[in-house]
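A.B. asks: Start from chain U and add chain X according to the hints.
In order, the protein sequence lines correspond to chains U and X. Reading the first sequence from the start, the letters are residues 1 to 363 in the UniProt record's numbering. Reading the second sequence from the start, the letters are residues 1 to 363 in the UniProt record's numbering.
You may find that some hints are simply not true.
For identical chains, the list gives no copy identity; a pair is met inside one copy or between any two copies.
The calculated lysine-lysine pairs, modelled on DSBU-like cross-linking and capped at a C-alpha distance of 35 Å, are [stated by the list, open to error]:
id	residue 1	residue 2
1	LYS257	LYS160
2	LYS44	LYS98
3	LYS160	LYS98
4	LYS98	LYS248
5	LYS43	LYS160
6	LYS334	LYS98
7	LYS203	LYS43
8	LYS44	LYS203
9	LYS43	LYS257
10	LYS248	LYS160
11	LYS248	LYS44
Don't read these hints as lab results, they were simulated from the structure.
Number of protein chains: 2
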Amino acid sequence: MTDVLREVTDADLDAIEIGAAILGTGGGGNPYIGKLRCREELKKGNCIPVIPLDELADDAVVVSLGGIGAPVVGVEKIEEGEECLRALRALEQELDVKVDALISVEIGGANSMEPMLTAAQAGLPVVDGDGMGRAFPEMQMCTWSIYGHRECPAAMADEKGSIVVIRETPDDVWLERIARSVVVAMGAAAGLASQPMRGDFVKRAAVPNTITQARNLGRAVLDAHARHADPVQTVINQENGQLLMTAKIVDLERHLKGGFAVGHLTLEGFGAYRGDRGRIDLQNEFLVFRRNGVVEVCVPDLIVVLDSDTGLPITTEMLRYGQRIAVVGLPAHKLMRSPEALRVVGPEAFGYDDVTFCPMETG
Amino acid sequence: MTDVLREVTDADLDAIEIGAAILGTGGGGNPYIGKLRCREELKKGNCIPVIPLDELADDAVVVSLGGIGAPVVGVEKIEEGEECLRALRALEQELDVKVDALISVEIGGANSMEPMLTAAQAGLPVVDGDGMGRAFPEMQMCTWSIYGHRECPAAMADEKGSIVVIRETPDDVWLERIARSVVVAMGAAAGLASQPMRGDFVKRAAVPNTITQARNLGRAVLDAHARHADPVQTVINQENGQLLMTAKIVDLERHLKGGFAVGHLTLEGFGAYRGDRGRIDLQNEFLVFRRNGVVEVCVPDLIVVLDSDTGLPITTEMLRYGQRIAVVGLPAHKLMRSPEALRVVGPEAFGYDDVTFCPMETG
Numbered sequence: 001m002t003d004v005l006r007e008v009t010d011a012d013l014d015a016i017e018i019g020a021a022i023l024g025t026g027g028g029g030n031p032y033i034g035k036l037r038c039r040e041e042l043k044k045g046n047c048i049p050v051i052p053l054d055e056l057a058d059d060a061v062v063v064s065l066g067g068i069g070a071p072v073v074g075v076e077k078i079e080e081g082e083e084c085l086r087a088l089r090a091l092e093q094e095l096d097v098k099v100d101a102l103i104s105v106e107i108g109g110a111n112s113m114e115p116m117l118t119a120a121q122a123g124l125p126v127v128d129g130d131g132m133g134r135a136f137p138e139m140q141m142c143t144w145s146i147y148g149h150r151e152c153p154a155a156m157a158d159e160k161g162s163i164v165v166i167r168e169t170p171d172d173v174w175l176e177r178i179a180r181s182v183v184v185a186m187g188a189a190a191g192l193a194s195q196p197m198r199g200d201f202v203k204r205a206a207v208p209n210t211i212t213q214a215r216n217l218g219r220a221v222l223d224a225h226a227r228h229a230d231p232v233q234t235v236i237n238q239e240n241g242q243l244l245m246t247a248k249i250v251d252l253e254r255h256l257k258g259g260f261a262v263g264h265l266t267l268e269g270f271g272a273y274r275g276d277r278g279r280i281d282l283q284n285e286f287l288v289f290r291r292n293g294v295v296e297v298c299v300p301d302l303i304v305v306l307d308s309d310t311g312l313p314i315t316t317e318m319l320r321y322g323q324r325i326a327v328v329g330l331p332a333h334k335l336m337r338s339p340e341a342l343r344v345v346g347p348e349a350f351g352y353d354d355v356t357f358c359p360m361e362t363g
Numbered sequence: 001m002t003d004v005l006r007e008v009t010d011a012d013l014d015a016i017e018i019g020a021a022i023l024g025t026g027g028g029g030n031p032y033i034g035k036l037r038c039r040e041e042l043k044k045g046n047c048i049p050v051i052p053l054d055e056l057a058d059d060a061v062v063v064s065l066g067g068i069g070a071p072v073v074g075v076e077k078i079e080e081g082e083e084c085l086r087a088l089r090a091l092e093q094e095l096d097v098k099v100d101a102l103i104s105v106e107i108g109g110a111n112s113m114e115p116m117l118t119a120a121q122a123g124l125p126v127v128d129g130d131g132m133g134r135a136f137p138e139m140q141m142c143t144w145s146i147y148g149h150r151e152c153p154a155a156m157a158d159e160k161g162s163i164v165v166i167r168e169t170p171d172d173v174w175l176e177r178i179a180r181s182v183v184v185a186m187g188a189a190a191g192l193a194s195q196p197m198r199g200d201f202v203k204r205a206a207v208p209n210t211i212t213q214a215r216n217l218g219r220a221v222l223d224a225h226a227r228h229a230d231p232v233q234t235v236i237n238q239e240n241g242q243l244l245m246t247a248k249i250v251d252l253e254r255h256l257k258g259g260f261a262v263g264h265l266t267l268e269g270f271g272a273y274r275g276d277r278g279r280i281d282l283q284n285e286f287l288v289f290r291r292n293g294v295v296e297v298c299v300p301d302l303i304v305v306l307d308s309d310t311g312l313p314i315t316t317e318m319l320r321y322g323q324r325i326a327v328v329g330l331p332a333h334k335l336m337r338s339p340e341a342l343r344v345v346g347p348e349a350f351g352y353d354d355v356t357f358c359p360m361e362t363g
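Just chain U, same shape as in the assembly (with noise of 0.2 Å):
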């Protein structure tokens, strides 16, 4: 099981669909059309080669891109296919680059296909890592950022071959809010491509590992079905997680504000939780676990809302009103978890004054 990731082949594809949709912590949206695709691609004999982070050359040009837009739309909207390649050609035109590998912007629900699906149809490889370790509703939220690099240009491009490149901005906040712009008139998603970054820099910047991890842990998740072992607890173990709540949804509040899907759901506890009530927050992904009015773990630190059942991942938008779920922290990487991280992705950037991040380890 971790052995090292040197290409992606079919079988691994169910699995990361599962790892990934966990690591999305309710948002990120649905990786499984790009499952599909990647599948058509390899059936094509086209392939997925993965380079291990480590191995990387440190003059390597590597591009991170995905879908950007609302993950609900892309439930009724299926992207075209080469949205992602089109943006990627587009930056390359812009700076007159040749690309040497891909690197996912997140791990975490649909952007840990597209780099991949991207990879098959131009010939060329994937990065063993991201810039999330999970998903995040907005682009400056992710390491390539934090750590010092800029990301424009960027190129955008949708399914009806409308190409936007975003030259210039004073900085990463305004890129998210002009490729925001452009995205809902694109009709809420498109691919992205931003400013290629080098090998040394990816090698310390990336969450690494992430798409071996994914697939690692769909896996143990598809094992524990099949021996009919408890696959929440195979997700706890194989995280290093720890297992927040088992409680019924006895409330919940979602509407759509800015692009976001935002809202709250109330949580009263079963099993070893009878008489807890709980609280999570969300905007697209789940930000806040609260217990009895405590906050108990809070992002950057992963919040994952599964089926107690099956153990499989619940997205935002398929939260329902009376479902039985096991609540899941999960500890962010220590790239997600510092000072210049915390400003970007803590609690305080999403507007929580009041909510101070603990890693959820010593909470």
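C.D. replies: Structure of chain X alone, referenced to chain U:
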């Protein structure tokens, strides 16, 4: 007054301001700030050379540019001053071309001044003509687009240093949609320069001599003021127009919808028009004039609202209950009345399925 304009001098600027505002038919933004900036450039020793349309070389590389945004925002958010210049530079970089001349996308309102300002800054001439002969709210509503020029790529620049290149879109309506979305993110005001045109196309497609027209129209109004002559009649004589009504605004409904000022005003005639009820519909610009429920003048013909005393134009954002106005109709240029043009700028294009364009002089 009909001399050929070879250069815009300080003395011309006040006149162009008035003429352009009249041709703006209520929209197009206020040319005042642009005039002051042009004046500053002239004071610095820069100049604004003008090329008469018929003297343009067939192979000249001509770029159409202007401000894009909500006129109502332009009133409070003053441009930094080099937005269009930076958009031009970004377009040159995108296409690796040397530009020979600039032309206004619309002579009506603020975009009369923008190309002159950029010309002074860049050391380029402006062509005496424009793409509308008036103002219209959307980019595809210009003769370039109507007569077969694709406006992509288009480069946009804002006052904060952001630069966006819209490289490809399926058509100019999609370009408008994406550009509109970008300008909202940019704070509702930006400069935009689009795909260069050849001189021979511009000679065929531009509404001719409209800088001269605006200057002469404004001069005539100023001259009428000086002579204590009737300025409203002066506008009518100068532009071969028609007085539609002298009236008081007795009702005014105006709201922002999708970045546009939308609404209508109700008029009660006075003087020779006592007993008449009028109504003008607007979307940034005045679109349709009805007398006693019957359409008399509609787009693309120009509906101009003048202060009945001064003959100075009143833009949509300056309309007030109780104002005494003169409503004047001016015939659109024939390039805006062709079947191709009417599909894009006729009443149907603005959602009036029950209104058919009829040239105002035959109505």
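A.B. asks: Would you mind marking each hint as holding or not holding in the structure?
C.D. replies: Hints, one by one, checked against the model:
For a Cα distance limit of 35 Å, the shortest separation of LYS257 from LYS160 qualifies both inside one copy, at 26 Å, and across copies, at 26 Å. In this assembly of identical chains, LYS44 and LYS98 lie within 35 Å of each other by CA distance solely inside one copy; the values are 24 Å within and 45 Å between copies. With identical chains, the CA atoms of LYS160 and LYS98 are at most 35 Å apart both within one copy (25 Å) and between copies (31 Å). Proximity of LYS98 and LYS248 under a CA criterion of 35 Å is satisfied in neither setting, with 52 Å inside one chain copy and 67 Å between copies.
In the homo-oligomer, the alpha carbons of LYS43 and LYS160 lie at most 35 Å apart inside one protomer (26 Å), although the nearest pairing across protomers, at 48 Å, exceeds that limit. In this homomeric assembly, LYS334 and LYS98 come within 35 Å of each other (Cα to Cα) only inside a single copy, at 32 Å, whereas the closest approach across copies is 50 Å. Within a single copy, LYS203 and LYS43 get their C-alpha atoms as close as 31 Å, which meets the 35 Å cut-off; across copies the closest is 55 Å, which misses it. Taking the shortest alpha-carbon separations for LYS44 and LYS203, only the intra-copy value of 32 Å comes in at or below 35 Å, while the best inter-copy value is 52 Å.
Taking CA atoms no more than 35 Å apart as the test, LYS43 paired with LYS257 passes in neither setting, with 40 Å inside one copy and 49 Å between copies. Within a single copy, LYS248 and LYS160 get their C-alpha atoms no closer than 42 Å, and across copies no closer than 49 Å, so neither meets the 35 Å cut-off. For the identical chains of this complex, LYS248 and LYS44 are neighbours neither inside a copy (44 Å) nor across copies (73 Å), given an alpha-carbon limit of 35 Å.
Taken one by one, the earlier hints fail for this structure at numbers 4, 9, 10, 11, listed in ascending order.
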